[in-house]
Amino acid sequence: MADKPAEKTLIDIVTESDHVKDLKGPELTGEINVPRVEEGYAVTGNYAHVRPYPAKPDIMDSLGFPETIVDNWEEAAIKRLGELLEKYKSLQVYLDICVRCGSCTDKCQFYLGTGDPNNMPVARAELLRKIYKKYFTTEGKLFGRFAGARKLDLKVLSEWYAYFHQCSQCRRCSVFCPYGIDTAEISMAAREIMDAIGLGQKYTNMTIGKLLEVGNNLGMNEKALGATLESMEEDIEEEDGFPVKLPLDVEGADVLLVTPSADFFASPHVESLIGYAKVFHQAGISWTMSSLASEAGNFGMFIGNYTLMQKAATRIRNAIEQIKPKRLVVGECGHAWRIAYSFWNTLIGPFDSLDPNYPAPQHICELTLDLVKRGAIKLNKEANDEFTVTFHDSCNVARGTRMGTRPGGQFTIPRELIKASCNKYVEMDPATTMEKTFCCGSGGGLLTDEIMEVRVAGAMPRMQALHAVMESDGVNFMALICAICKASFTKIMPKYGVPMEVAGGVHQLVGRAIELGAKE
Amino acid sequence: MSGLTLVFGLFFYVSLAIFLGGFLGKIWQYASTPAPLKIPQTPAPVTAGGVGIRYLQEVFVFKSLFKGNKLLWVGGYLFHLGLLFVLVEHLRFIIVPTSSILNFLVAFDLYSGFVLLAALVFLFILRVAVDRHAYISLVNDYLLLLLLMGIAGTGLLSRFWSGGHIRAHIPAIKAFVGGLVTFHNIGAVPTNKLFLIHFSLVMLLLIYFPFSKLMHAGGIFFSPSRNQVDNPRERRWTTPWVKVRPTATLPRLEREAAAAPVQVAQAAPESTAEA
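Listed in order, the protein sequences are those of chains A and B. Each residue of the first sequence is one higher than the one before, counting from -5 in my numbering. Each residue of the second sequence is one higher than the one before, counting from -14 in my numbering.
Think of the hints as simulated: they come from the structure by calculation, not from any bench. Each residue gets a CB set at the ideal place from its N, CA and C atoms; glycine is no exception. Be aware that one or more of the hints could be misleading.
What the hints assert, rightly or not - Okay, the calculated bits of chain B under chain A, using three or more residues with CB under 8 Å as the criterion:
#	segment
1	6 to 15
2	118 to 129
3	220 to 231
To be verified - Below are the SDA-like pairs computed for lysine to any residue, each with C-alpha atoms no more than 20 Å apart in a straight line:
#	chain 1	residue 1	chain 2	residue 2
4	B	159	B	85
5	A	124	B	120
6	B	228	A	312
Chain B extracted, bound-state conformation (with noise of 0.2 Å):
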């Protein structure tokens, strides 16, 4: 095993169990952490299957985002179409032998690359023209922009301009990623440095989404003003932590009450040794 190879298996490796370790923790604090009231955003399903219903309309058709603003619906949608696709296409990196289902869609690799390329682009021009959305842009939204661009576009070009045709590079890519991916032959790296770089870039993306907004991926299905049933009527829903329920006074109040009779204990015995 060459050195460069170790290099890139060990950033791989390392990535990933960032991603994997930083994602699955974030879940796990999302999920452990209390709802103490009941805050659907209403009209809001009564039913648990409701509740799965308005997910799939949020997740699949970004219902609420189309209600918001239009041309935004327009970027993200296509920009997660697009990157949907890729992911899928580039199962045939790592599946041996490829199905032909995949073969199919692997087809349409050219279309959703651009796809994507192009809504990150608009999603871009969007963040900078638009004066109310340039306001709220923070530098690492533009520098996410940038990274997701860089992405795509490597990739893009690896599929025309990498020393002749990508298809010429995919049995070492298999070799290596298939191998990463399944522990045991691994491929000595390919040198192709488009790919390298686009590697690379990857793996930059998965480090850094545990830790940013891209948790939006498993935090939107922990979101309580979309995932709770509207039915605090009829089942009553318990806050973890009260275990009492307090008076009705003031918290001065019952300072007040819990210092008096401390003054009578210590009165009284004084009164009797007087008597």
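Chain A on its own, in the form it takes in the complex (with noise of 0.2 Å):
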């Protein structure tokens, strides 16, 4: 094949795709309809054209998987999910007692803003459970087609393709299911084969790739990040006339705050990275960020890489070690506080050396909320009378994490907070808050431009929901707590004729009431 260039590799045909540019929303009425299924959609699926790029071969190679895709891929597949099988009890278990009852059909952003049916969450589980039934299952190998078997093939591999890089991994359906299936793990279990035979997604590895080898998803290195936080450290002191300090690699500080490295540079992000710095200067608190760990974030989970996931999470293990501090605190991040929430204790601690009286991780809002009630910083609610606020779960903290000692605590923690700092907050429609939230759209690796298409589609329903009440309340300000929130919505929102502004983080608005200077 190398001496005929024309001719079209694996990588070409599975990952052929067809990109929109000047993509704009549907109109906002403020109501989510539920799309029909239409005649025809069923044979090829109206969004199976927009893929992402696909990762190139070093990138492959540098994470340890093939450069492009293997001769034998089917054999690699298969063999691939028969290992996951043994490892994952969620893939094992969920693969098998699906009843295609339906409860789902209707609960995914992707499906809602798409109406693509393989978009609805049983029917993406169904692209690798009619493998699983092929190759694993009495059933499967008994009645074929009847039982909804069907043979690996590169038509299933580029469903695989499109729809598994149509799934944010926000866990939604699996609120609505009666077994608690959670297309996530699936949707990682399809996306770990997928990187096993040499077919990645360029986006997730690259960044996966960055944060192994420069310490943060930006690749941007120790002396680029000191310059960016001095510089910061200038401008706070200009605007409000106070020596907020943004540390580095400070030893033996009391808290090492592990933030997403989008809080250094992106906007709205960088203003929660202010928010907290002034908390923690109006506290008292000694505080250090560290270069070895200038990432939350973990783009490991997405593609259901335990290994890479580990490696990754490792770095965070080493800043303790070298800062010693006696706390950990995660900033604004929806995934990355899932995995340090869930999972760090598992892949990298006990975290033996850290203080007990506080939780590890703990989460920003946990404490600047604590904070708050016992009376260590001061708020001005008027300094945000501006603003008229609503909150947007993440999908992430929603569905995965929690906040405080008790159930739920992730969605009243960020509200009293964002309450305790502005005058007027509204709530959206409770269909799609707390537990049944939406996604962003942008989630689990989503976040990148070639697929635009979907991530306009995906944020359809918020976008509905805050529509709702910018019109009845008249909302101004959906606060986040999740650097890809904030990362997507101040892009997707003008594409829905909604200023980008209206998106920004929950320490913005702390940063902004918090008083700062002596205290009383």
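Both chains are sitting in their own frames, so use the hints and assemble them into the complex.
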């Protein structure tokens, strides 16, 4: 094949895509309508053409994956699936017990937004389940297609590549499933299988590579990071007149803050970083960030790769050993909080060296609200009077983590903190918040521009719910606690005719409201 | 023992063996497969007792399905409730003599049978009529509903149309089924055709059970998103296969590092030889 360059490689065939430029979202009415399954969709799917760029051979190699699709890829994929079935109870049970009741069919933001039936959670899972049935079950071997079994071929692989990258692993479907079947687990397994045969997604794998090589998703080295933080300190002092510090690599600091690297440069993310810094400054807490652990995010989760996820998390452990802090605190980031809260103790724990009086790790919202309640910092709500605020629960925080000691603290703690920072707060439709929250549409490794069509469509349910409260209550600020939510909404809101300034961080509000200076 | 009794007797034991062996094998598989990470679907209970309550709500009230789809909940709930009653009422074919509670319940068996059949028809209609449900339904989803309808239908029919009232046949059925279950004094298989069809369909269901989605009956208890306690910060969860923590570098750099010392070791003796 090498001497015929015109011929398409397997990668070309499987990742062939049709990218739409200058996309606009549908009209905002405040209503979320369930699309009908139209004739004809069943054959191809109307979003099958939207596929992300594949990872380049050098990236694949650096992560320990085959450079490109291997010759015996069918065999290799089945082998990897078999290994995963033996390692993950979730995958084994979820592939077996779905009864296709249909409860999840109208719950996914990607189905609601695209109308492509393969984006119904059960249909997405069937893409993998039919292969599982064919090669691993008696039912599938005996009854074939009647039992939904299918041979693994290029068509199936290209469907996997399209639709397992139209799932943001937000777990909304699992809330409505009688058995809690979590499509995130299935989509992680499918991506893991694709990586194992040499078919990776560029955005996610490149990001993991940068994180493992340099220490953060941006690939920002120690020097650049130090310089950025210094100039930010100058800006804060100029604006507010207080010497608020953004310390880096201070050994022996009480608090080690691990935050998504987007907080160092992106807007509106930096506003939240300034917010955290002001909280530490005013509460008089000695704190630091670490160049070794300059990233809370960990895209290893998105591709379901345990080893890479653990490697990436190990940087945090190394930073703890270097800084020797008493407390470990995590900044505003959804999937990072899931990994920190649910997985860090397993991946890089136990945290014996930390002060047992504080949860490890602790969310920045837990820390700040505690300071507010104890009177260690004062918030002036009037400072945010220009805003009518609502709160978007980030999917990973809402359905994969907790804050505080009680179930549901992940909902109440950020809300209490927002209400302590502003006078006007409005809830969105309860069918779209808390455990039923929608994803921003760009989570789980979808935050890449070539699949903008999917992202805009996936944001539709949240945009409709937001539009409703903008109309009814004049909401002009949607508070977020996730770096991906912030990045995605600032980009996608304008495509729906909503100004990007409507998206902001919870600690952006805190930072504006906090009273700096001498305490009474 | 007649040939027919032998055939149906064997049919029963083979079906039961496949069902029990298959079901327990699957449960063993679910129980022994590791769950490497904490993935409870939150908000989740923070104690084991809380998880127990979560399961009571899921198993007895179908709480999540209720959140998801009210029509499905009505159909699914009535079906399972009808099935539960019918199963309990069938104990009268095994237990001799029947208890008074059972006798009380049996008085309702006609109603539970009709509820069961009606719920199945309703679920079938949902699969056909709702566009999204029709899209995701496989042939075996319909076949299973038809099989269950067949079982419920023949069971109900035998109440009205089996050469008189079913009561006339109960002693013979008891002697046969009761004997099969207790392994002694197996009576001759009743030759009533409706009974034989009903009995055979039930055996088919038993055989199919462990190889199908019917495993949701045991599998639900092994769903990590529901059966895990939400306490990862308080109590460290471990991954069974991870014995040594990895380093925090790229696999490529690790490969290079692993290759490097070998070259150094080879180079060293050469340089001494030259010197």
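Right, here's what the structure says about each hint:
Here's how the segment 6 to 15 of chain B fares: 3 of its residues keep a CB closer than 8 Å to some CB of chain A, so the rule of at least three is met and the hint holds. By the rule of at least three residues with a Cβ nearer than 8 Å to a Cβ of chain A, the coverage given for the segment 118 to 129 of chain B holds, with 10 such residues. Here's how the segment 220 to 231 of chain B fares: 8 of its residues keep a CB closer than 8 Å to some CB of chain A, so the rule of at least three is met and the hint holds. Proximity of residue 159 of chain B to residue 85 of chain B is assessed by CA-CA distance (about 17 Å); at most 20 Å being required, the pair is judged to hold.
For the given pair, residue 124 of chain A sits about 15 Å from residue 120 of chain B by alpha-carbon distance, which is consistent with the 20 Å threshold. Of the supplied pair hints, the one linking residue 228 of chain B and residue 312 of chain A holds, its CA atoms being roughly 18 Å apart against a limit of 20 Å.
This entry satisfies every hint, going by the numbered hints stated previously.
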